[in-house]
Amino acid sequence: MNNIRCILIVLVLVKSILCSEEDILNYINCENQRLNRSSTGCCTSATGKETVYNRSQEFCCGNKVYPKQKYSSCCTHEEREKSKKYHIREEICCNGEVVTRPDITNTACCGKAAYNQSSNKCIGNSIVLINEAICNGSKYNLHEDHCCNDTLSSN
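Quick note, the sequence shown lines up with residues -19 to -1, 1 to 136 if you use mature numbering (1 follows the signal peptide of the UniProt record, and there is no 0).
To be clear, the hints were calculated from the coordinates, so they are not data collected in a lab.
Quick reminder that beta carbons are idealized off the backbone N, C-alpha and C, glycines included.
Here are the computed lysine-lysine pairs in the DSS-like style, where the Cα-Cα straight-line distance is at most 30 Å: (1) K51 to K65; (2) K93 to K66; (3) K45 to K66; (4) K102 to K66; (5) K45 to K93; (6) K65 to K49; (7) K63 to K93; (8) K51 to K63; (9) K93 to K49; (10) K93 to K65; (11) K45 to K30; (12) K63 to K102; (13) K51 to K93; (14) K30 to K49.
Here are the simulated distance ranges between beta carbons: (15) I115 to S26: 42 to 50 Å; (16) K51 to N117: 44 to 52 Å; (17) I115 to R61: 29 to 37 Å; (18) R70 to E2: 37 to 45 Å; (19) L110 to I85: 17 to 25 Å.
Taking the hints into account, I'd like the entire structure generated from these sequences.
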C-alpha cells in the first residue's frame, strides 16, 4: 500500500509540473524549473545534481556542461559518466572510446581502434593492410598466400 501511495504522489507531482502531452514534448524539468526544451538542456551529474544549460552555446557530455566550440563533440559511452568531450579533427569516437585519428579525412573505427582506410581495412576487430586477410586468426598477404577451410597455403 505504501508503494502505491508513493507512486501516486510522484505522478501527482509530475502531472502538476508537466500537465499535457504538449508540455511533455515542449518542456523539460530541471533544477525544479519548467524550461523550454528547444533552447534549454538539463545535464545531470553522477550524484544527481541537475545543471541547466543553453543548447545553442553549450552541450552536456559525461555529466558535465561544456561550451560549444567549432570542432568539439561528445563521445558517448554506454556508462554516461564515462562519455568524453573530444576534438573531431584530431580524434574519433570508436565504440565509446576517444582515439587519435591516424588521418584527418579517411579515418574509420575497427572495434575501439582507429585506422586509415587508404592503407588498411577492418576484419572483425582486427586492422590489416589492404592487401591482407585473416585465415584462422593469422594475417596473410592476398598476393602470396590463400586460405581454404581455415588452412593457409602459398600460391
